[in-house]
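Peer 1: These are the residues of each chain, in order.
2 protein chains.
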Amino acid sequence: MTKFQAEIDVMPKKEILDPQGKAVTGSMKNLGLAEIQNVRIGKHISLEIEADSEETAHAKVEQACKNLLANLIMESYSFKIEKV
Amino acid sequence: MTKFQAEIDVMPKKEILDPQGKAVTGSMKNLGLAEIQNVRIGKHISLEIEADSEETAHAKVEQACKNLLANLIMESYSFKIEKV
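Residue numbers (the working numbering), protein chains in the order written: chain A, 14 to 97; chain B, 14 to 97.
Keep in mind that a hint or two might mislead.
Stated by the list, open to error - Taking lysine to aspartate or glutamate pairs in the DMTMM-like style, the calculated list, with each CA pair at most 25 angstroms apart, reads:
(1) Lys35/A to Glu88/B
(2) Lys96/B to Asp22/A
(3) Lys35/A to Asp22/B
(4) Lys27/A to Glu63/B
(5) Lys79/B to Glu20/B
(6) Lys56/B to Glu95/A
(7) Lys56/B to Asp31/A
(8) Lys56/B to Glu88/B
(9) Lys35/B to Glu63/A
(10) Lys26/B to Glu95/A
(11) Lys93/A to Glu88/B
(12) Lys42/A to Glu20/B
(13) Lys56/B to Glu75/B
(14) Lys42/B to Glu61/A
(15) Lys26/A to Glu95/B
(16) Lys16/A to Asp31/B
(17) Lys56/A to Glu75/B
(18) Lys27/B to Glu61/A
(19) Lys79/A to Glu61/A
(20) Lys26/A to Glu75/A
As the list claims (entries may be wrong) - Here are a few chain B residues that sit away from chain A, every Cβ distance over 12 angstroms (derived from the structure):
(21) Leu30
(22) Pro32
(23) Leu85
(24) Ile86
(25) Lys96
Read the hints as simulated data drawn from the structure, not as lab findings. Where is the CB? At the ideal position from N, CA and C, for every residue including glycine.
Pulled out of the complex, with its shape left as it was, chain A reads as follows (with noise of 0.2 angstroms):
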């Protein structure tokens, strides 16, 4: 078994519109960096997954944004997997 770390990225899709986002977006003008625009924010997940080959990590780890980490009504993701 070989142990590998996957990073995660869950985002709201780019149809969605995304208040958090918007309302970053509007403070940023505040702090004087008014030309920072289109914030969104979503999740960043990180973990570390056992298994015998990569192609099963990456199995696994899609498993795992399907079925718990991500809402594939409202939020789309995409991962990278490296080896330790």
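Given chain A, put chain B in place with the hints provided.
Peer 2: Relative to the frame of chain A, chain B by itself:
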């Protein structure tokens, strides 16, 4: 002015308990994914920034992280900037 895209990760520091991550680690077991361990959950923030150079964009994003996006007592941040 050039437009840059920044991808920021804000994570709870290693020495700080992450109860949300702990809860998700537990749920993985119920999902039949006991191979997944040590889940930690933070924020992923994407934003656009206009700046005359990548250095300026870098400094502005740094400032946004320090002053608004991350709580440096409990969280650490990292980011990547790309020209778009």
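Peer 1: Compare the structure with each hint and give your call.
Peer 2: Each hint, compared with the structure:
1. Lys35/A to Glu88/B: holds (22 angstroms)
2. Lys96/B to Asp22/A: With a Cα-Cα distance of about 20 angstroms, the restraint between Lys96/B and Asp22/A holds, given a limit of 25 angstroms.
3. Lys35/A to Asp22/B: Cα-Cα ~18 angstroms, so holds.
4. Lys27/A to Glu63/B: Status holds; Cα separation ~20 angstroms.
5. Lys79/B to Glu20/B: Holds, at about 15 angstroms.
6. Lys56/B to Glu95/A: Holds, at roughly 20 angstroms.
7. Lys56/B to Asp31/A: holds (14 angstroms)
8. Lys56/B to Glu88/B: At roughly 10 angstroms apart (the allowed maximum being 25 angstroms), Glu88/B and Lys56/B satisfy the hint.
9. Lys35/B to Glu63/A: Holds - the C-alpha atoms of Glu63/A and Lys35/B are around 17 angstroms apart, at most 25 angstroms.
10. Lys26/B to Glu95/A: holds (21 angstroms)
11. Lys93/A to Glu88/B: holds (22 angstroms)
12. Lys42/A to Glu20/B: This hinted pair holds, its Cα atoms lying about 19 angstroms apart.
13. Lys56/B to Glu75/B: Status holds; Cα separation ~16 angstroms.
14. Lys42/B to Glu61/A: holds (13 angstroms)
15. Lys26/A to Glu95/B: Within the cut-off at roughly 21 angstroms; holds.
16. Lys16/A to Asp31/B: holds (21 angstroms)
17. Lys56/A to Glu75/B: The hint holds at about 19 angstroms.
18. Lys27/B to Glu61/A: holds (14 angstroms)
19. Lys79/A to Glu61/A: holds (17 angstroms)
20. Lys26/A to Glu75/A: The given pair, whose Cα atoms are some 18 angstroms apart, holds under the 25 angstroms limit.
21. Leu30: The assertion about Leu30/B holds, with a minimum of 15 angstroms to chain A.
22. Pro32: For Pro32/B, whose nearest Cβ neighbour in chain A is about 14 angstroms away, the distance exceeds 12 angstroms, so it holds.
23. Leu85: Leu85/B is indeed farther than 12 angstroms from all Cβ atoms of chain A, at 15 angstroms.
24. Ile86: holds (19 angstroms)
25. Lys96: Lys96/B clear of chain A: closest Cβ-Cβ about 14 angstroms, beyond 12 angstroms.
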